[in-house]
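A.B. asks: Going by our numbering, the sequence shown opens with residue 1, and the numbers climb by one from there.
Any given hint might turn out to be false.
DEER-style ranges, computed between Cβ atoms [said to hold, decoys possible]:
{"hint": "1", "residue 1": "Gly75", "residue 2": "Thr114", "range": "41 to 49 Å"}
{"hint": "2", "residue 1": "Val31", "residue 2": "Trp87", "range": "31 to 39 Å"}
{"hint": "3", "residue 1": "Lys30", "residue 2": "Asn133", "range": "52 to 60 Å"}
Calculated from the structure, these hints are not laboratory results.
Don't be surprised by glycine CBs; every beta carbon is placed ideally from N, CA and C.
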Amino acid sequence: MPHSLVLPMTAHVLLSALLYVLLTVARAPKVWGIGRRADGSNPWAAFEPRISANLSNQFEWPLFFHVACLLLIFGGPSNLLVLALAWIFVAGRILHSLIQILTNNIRMRGVVFTLNFLAVIGLWLVLLYANTNS
Numbered sequence: 001m002p003h004s005l006v007l008p009m010t011a012h013v014l015l016s017a018l019l020y021v022l023l024t025v026a027r028a029p030k031v032w033g034i035g036r037r038a039d040g041s042n043p044w045a046a047f048e049p050r051i052s053a054n055l056s057n058q059f060e061w062p063l064f065f066h067v068a069c070l071l072l073i074f075g076g077p078s079n080l081l082v083l084a085l086a087w088i089f090v091a092g093r094i095l096h097s098l099i100q101i102l103t104n105n106i107r108m109r110g111v112v113f114t115l116n117f118l119a120v121i122g123l124w125l126v127l128l129y130a131n132t133n134s
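Take these sequences, add in the hints, and give me the full structure.
C.D. replies: Written as structure tokens, this is what we have:
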């Protein structure tokens, strides 16, 4: 039976894979000519840089999420708090992606990023506590 943290980690990987697919679709009119408008323009041109930026974001702060999860899988506590923090992070990443790609609401994106940030800090605090009290 897989560790409970494998599911939220997989969900984040799937989000990243979905973003690669979306980026490919958004670039298709420019790169391959597929889906161009009659005038030759790309109907997804406004979304392409947002998707690209969001995809890059999936390899920044989330790195600390995956490292914390791996450390917890291989020797940290496994409890409801840890699982809740992991799913809060994943839900926040999905929401962050939607906000960044579909809107220009930087304030809301910042609020959601803070939620992601705190969830990962929480995972690291659990690790720290477990390793100082063992």
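A.B. asks: Determine which of the earlier numbered hints do not hold for this structure and return their numbers in increasing order.
C.D. replies: 1
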